[in-house]
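Protein chains in written order, with the working numbering: chain A, -19 to 182; chain B, 5 to 798; chain C, 14 to 310.
No lab work stands behind these hints: they were computed from the structure. Don't take every hint at face value.
Claimed, not checked - Cross-link-like lysine to any residue pairs, in silico, SDA-like; alpha carbons within 25 Å at most:
hint: 1; chain 1: B; residue 1: K288; chain 2: A; residue 2: D118
hint: 2; chain 1: B; residue 1: K138; chain 2: C; residue 2: M14
hint: 3; chain 1: C; residue 1: K180; chain 2: C; residue 2: T213
hint: 4; chain 1: C; residue 1: K249; chain 2: B; residue 2: G471
hint: 5; chain 1: B; residue 1: K136; chain 2: C; residue 2: D271
hint: 6; chain 1: B; residue 1: K136; chain 2: C; residue 2: E142
hint: 7; chain 1: B; residue 1: K138; chain 2: B; residue 2: E203
hint: 8; chain 1: C; residue 1: K249; chain 2: B; residue 2: E454
hint: 9; chain 1: B; residue 1: K136; chain 2: C; residue 2: K180
hint: 10; chain 1: B; residue 1: K138; chain 2: C; residue 2: T213
hint: 11; chain 1: B; residue 1: K138; chain 2: C; residue 2: E56
hint: 12; chain 1: B; residue 1: K136; chain 2: C; residue 2: K249
hint: 13; chain 1: C; residue 1: K229; chain 2: C; residue 2: E142
hint: 14; chain 1: B; residue 1: K136; chain 2: A; residue 2: D118
hint: 15; chain 1: B; residue 1: K310; chain 2: C; residue 2: D271
hint: 16; chain 1: B; residue 1: K21; chain 2: A; residue 2: D118
As the structure is a prediction and not an experimental result, all values here were calculated from the model.
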Amino acid sequence: MRVNFTVNGRPQEADDVWEGESLLYVLRERMGLPGSKNACEQGECGSCTVRLDGVPVCSCLVAAGQVEGREVVTVEGLADYAKQRAEGGCATGACGTSLQDAQPGVPSGEAWGRAAKGQDSQTGEGTELSAIQQAFIDAGAVQCGFCTPGLLVAADEMLERNPSPSDADIREALSGNLCRCTGYEKIMDAVRLAAARQGEAV
Amino acid sequence: MPTNGAPTKITQGSRTKGGIGESTLRPDGTLKVTGEFAYSSDMWHEDMLWGQILRSTVAHAEIVSIDTSEALATAGVYAVMTYDDLPTDVRNYGLEIRDTPVLAHGKVRHHGEPVAIVAADHPETARRAAAKIKVDYRELPVITDEASATAPDAILVHEGRDDPHAGHVPHPNIVHRQPIFRGDAAEAAKRADFVVKGEYTFGMQDQAFLGPESGLAVPDEDGGVHLYIATQWLHSDLRQIAPVLGLPESKVRMTLSGVGGAFGGREDLSMQIHACLLALRTGKPVKIVYNRFESFFGHVHRHPAKLSYEHGATKDGKLTHVKCRIVLDGGAYASASPAVVGNASSLSIGPYAVDDVDIEAVALYTNNPPCGAMRGFGAVQACFAYEAQMDKLADAVGMDRVEFRQLNAMEQGTVMPTGQRVDSPAPVAELLRRVKAMPLPPERQWESSEGADVRQLPGGLSNTTHGEGVVRGVGYAVGIKNVGFSEGFDDYSTARVRMEVVGGEPVATVHTAMAEVGQGGVTVHAQIARTELGVAQVTIHPADTRVGSAGSTSASRQTYVTGGAVKNSCELVREKVLQIGRRKFGSYHPAWADAELLLEGGKVVTDGGEVLADLVDVLEDETVEIEAEWRHRPTEAFDLRTGQGFGHVQYSFAAHRAVVEVDTELGLVKVIELACAQDVGKALNPQSVVGQIQGGTVQGLGVAVMEEIVVDPRTAKVRNPSFTDYLIPTILDTPTIPVDVLELADDHAPYGLRGIGEAPTLSSTPAVLAAIRSATGLELDRTPVRPEHLTGTA
Amino acid sequence: MDFLRPASWGEALAAKAEHPTAVPIAGGTDVMVEINFDHRRPEYLLDLNRIGDLEEWEVGADSVRLGASVPYTRIMENLRGELPGLALASHTVASPQIRNRGGVGGNLGTASPAGDAHPALLAAGAEVEVESARRGTRLIPIDAFFTGVKRNALAADELIRAVHIKKADGPQQFSKVGTRNAMVIAVCAFGLALHPETRTVRTGIGSAAPTPVRAKAAEEFLNAALEEGGFWDNGKIITPSVAQRFADLCSAACNPIDDVRGTASYRRHAVGIMARRTLTWTWESYRGTAAHVEGVA
């Protein structure tokens, strides 16, 4: 079947979709947006969290056909989404974004090549990041990074609703996102840091 | 130009910004937060096929027949392969013992063993085709424990063993056995005023890395194949893959793709050979991605164990002797079982000084899931048991549990049960002191002016208590883990370092085959290069097999060994750069000849800080590149009868204090705080060090209260292969984890550093168990402890 | 597999009548797991996401008509006053992401004994509004809805449209035991509702029998004891022996199994503890002395 929907502000069309495919599969394998991760495919880890019409959901549990005509924001579009929100623009993901094409393809070591470029520009010079993305880097909340995209989408949405969360609020909001590397302490630090920086900016 | 054995000089290095000792940020951080970092499951290729594995539905059976005809006839299917289609006579693989069939041959030995593989144009097509393969099994009785494995008439899991351990094991269903005798435990027992005994059970833990096994194999024009893969050790994979494919290693090119965690679970091969076979058979790129269900069958787990201990002490609290027997279930294939036996036996008494010991550890072959490497392998199981014993014995003697440990703590100079004298700091008593000195979290934190916050109570959001039945407990534990590959293994790493001027700036490039699995090795390599070469810009080359082996990302060894190799190669590059400098500028300043020279801030400087030249001027258009192997000092095998030998190059120590609140009526546990003190020798990146300690601590918490792969003892089938029923801690299960980092240099190691990744996984489990015991008054001889164990309803 | 996308309730009923094997999918939190893990390959998937009124609710005089697809998050946020037990239960469902998608209709459709909403519905009192194209609407009392392990009273051509849940006329509580502090399937669960208007107590037990069940003997015992002691009027503290007897009878109402999530013996034990505690909490609340509990619902 064919599915039309909006991803990170850009209209997309997927053809020859098998009816049992999940939104996660369509994003990863058909849209070239593998940022949403396939860790459990049963809604028990949150690695595939995206916003569907603004609401955080596990994209592995959304049937591809269910997103017809709807709006999806993935980690790849998070920085633009946050920027537009800050500018008082559209916060539902309906606005256009300037997402660069992130078609994965065989990396031929590309990934590390890119990773290694300008080693000292550790804070990601040249890439505009949302507050929560920057805070994850600065606080050391990223190790293997597989849980990171889902956590970022969930944490960003929580800070949108609750700009000064208590520790218990953060834990509750992120209780649907498993991380196996960090023990969560530096993730807590990162969310606190992002909240504090946003507080300062206001 | 390998350096071998000599104690490493601890240098301060240069003071270049971003060098060692600073918390520089991950070079891959931006890619990982934007979703652009390419993990193995993200690989994509034009015209790519999807591979699918058909796995056995029974644990132990003869394969009577396999019929693939219907699967092959399915539209969209490009290949179906079984054992009969393997291209060469090499049809097994294995880390040390090649006992694992690439595809089952005549027999399956565990639930979920690969039987056939399929390549098709869509994953659903591949799944449907695999389901059409008809396998006729004739089931055999299952071997599931020591009694059934070593019974006189037991079926042999592996017939005709010819591996290096076959000759010394008491039964062919025992993979490896290591006894350790030192002093005379029976005689020393007579001096004991108090003797405590215990039988302990350690459940099967899963690494549960979040990125499932996956990779992409692309056929090359020369008949070879290029594999993009998430692994812990590229060259070990290569050594196992190439002979099965019938290709020289030079025609199997391997590039590390993004790795979504490992923790030991990627030390063995999973889908590597299968993807390559299908790619070579079809001539098309083949991608395989396990789902979570398959992942539980696709990698080895932590060995479950039965541990029997006897400890004795005099009435003034000195340990007299330890006797123990550790039985590890290795499951159907050997994997890392021999090394796990070595660790479990040699570290079985923990970080304590005891002269008289009688130790035995064995690993079994059974029809349970294969077990192998997982963070802290062998040492984790032992620590759970000996720390429970230490609490029991302290209580028997009537001493404070921490003071009792401190009284018996090993220190630098202590002789291990293996006869090895520990020749670097072993601050066991100090770590305990530090962890005990941390302030305790306030009582009843869940109480607020508005009532009880269930999120901070046992049961959490499930609203099971508002304070009823909740009792606090505090527990302590300390552990010892070896660092690096032990027992005489040639444990080396290779680093290629290049220095050149790019865009008017001196730039260093570091190329190793080290698997970055999240631990932050890439961050540290750049720091080392900055420190040694005085450059700001460092490029980390992708890890692949075009450079020599970097060994495994396991055993807490990478910063030590590959970090050591990077340091060594940098030093060799520096020496060459200085030679060039002397050649060009030596006549201008006497310091070129007689001063200690450093590279710092892009310049050649004297140790007094005088600038001699810019690196840009020294190098001009010359490129200096060195590839060199580096080894830590050699270890030796343990004697097979006595267990004596200099088996471990370095030890790592951590201590934990756990504070828990237990709903004693419902048996639910909330860990409130899990404080850790660890000696790291030298923190190359303090933020990463703390991150490792916290992460390791929580994996220990998980196996204390929830994590266990449950295997049906009647069928040897796995009952909970999913994240619905194999539970790992969420952020609501995880406490605050204050960390006190101690830095006592080990003179034998680069920069004095100590491998750190595993030690915190050891002591957190027994600390949590001790805290639960103190809250409930129950003995609790198994882990994980579940609600039914705390409520008498098991 | 075919993907059916009805744009209205009428179209959905017609599609279900034409394809009785069609599997309805709303939040997807059960169906997609089965598809992803290759446990199920339905001939037709019937998407209910496009039917907006399934996500709406109406608060009536005596009951709330809750659309089948109202996400748990909305129940927690909007219906704490009217449906406190269900709001508490909703808060224990899986994770925030799942609570944003899943709803009571799907829980009832799957009819798992471990479904989190069921004990709360049993305790509150509810009727399930189901409809078929041919026979129209019928209301199935919640007590008659669960017919076996993952089986319910729906006919093949019927769809769940809404649930009519009695508005709380007294305090309600819900507790669930899992071996993790979040994102966990119930080892067992317990719902309790005081109904001062009828001077009755209702219960619901989850995951401790082949279906969700009420502890009817326990309810009858407690109803009688409360009546006899004049508790509804005098507001006295329920005597510990009465509370314990009630708890024991709730345990006795269980018919659990040993499985990978817990033992039968533990389930019986835990249901008793939860019964006693939730009775204490609700009764304290009824007496007007209960402490506010933060972080719940």
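Outcome of the hint check:
1. Annotation: proposed proximity of K288 (chain B) to D118 (chain A) is violated, straight-line Cα distance about 42 Å (limit 25 Å).
2. Distance hint between K138 (chain B) and M14 (chain C) is fulfilled; the C-alpha atoms sit about 24 Å from each other, no more than 25 Å.
3. A hinted pair counts as satisfied when its Cα atoms are at most 25 Å apart, and K180 (chain C) with T213 (chain C) qualifies at roughly 14 Å.
4. Our distance criterion of 25 Å between C-alpha atoms is met by K249 (chain C) and G471 (chain B), whose separation comes to about 22 Å.
5. Between K136 (chain B) and D271 (chain C) the alpha-carbon distance is near 34 Å, which puts this suggested pair outside the 25 Å criterion.
6. The hinted pair formed by K136 (chain B) and E142 (chain C) fails the criterion: a straight-line CA distance of about 41 Å is larger than 25 Å.
7. About 45 Å separates the Cα atoms of K138 (chain B) and E203 (chain B), which puts this hinted pair outside 25 Å; it is violated.
8. Taking the CA atoms of K249 (chain C) and E454 (chain B), the gap is near 24 Å; set against the 25 Å cutoff, the hint holds.
9. Of the pairs offered as hints, the one joining K136 (chain B) and K180 (chain C) is violated, with about 53 Å between alpha carbons and a cut-off of 25 Å exceeded.
10. Between the alpha carbons of K138 (chain B) and T213 (chain C) the distance comes to roughly 59 Å, so the proposed pair goes past 25 Å and is violated.
11. Pair hint K138 (chain B) plus E56 (chain C) holds up; C-alpha atoms about 23 Å apart against a cutoff of 25 Å.
12. Between K136 (chain B) and K249 (chain C) the CA atoms are separated by roughly 68 Å; this puts the pair beyond 25 Å, and the hint is violated.
13. As the CA atoms of K229 (chain C) and E142 (chain C) are separated by approximately 24 Å, the hinted pair is consistent with the 25 Å bound.
14. Annotation: proposed proximity of K136 (chain B) to D118 (chain A) is violated, straight-line Cα distance about 51 Å (limit 25 Å).
15. Our distance criterion of 25 Å between C-alpha atoms is met by K310 (chain B) and D271 (chain C), whose separation comes to about 24 Å.
16. Between K21 (chain B) and D118 (chain A) the CA atoms are separated by roughly 17 Å; this keeps the pair inside 25 Å, and the hint holds.
The structure is inconsistent with the numbered hints 1, 5, 6, 7, 9, 10, 12 and 14, although it conforms to all the rest.
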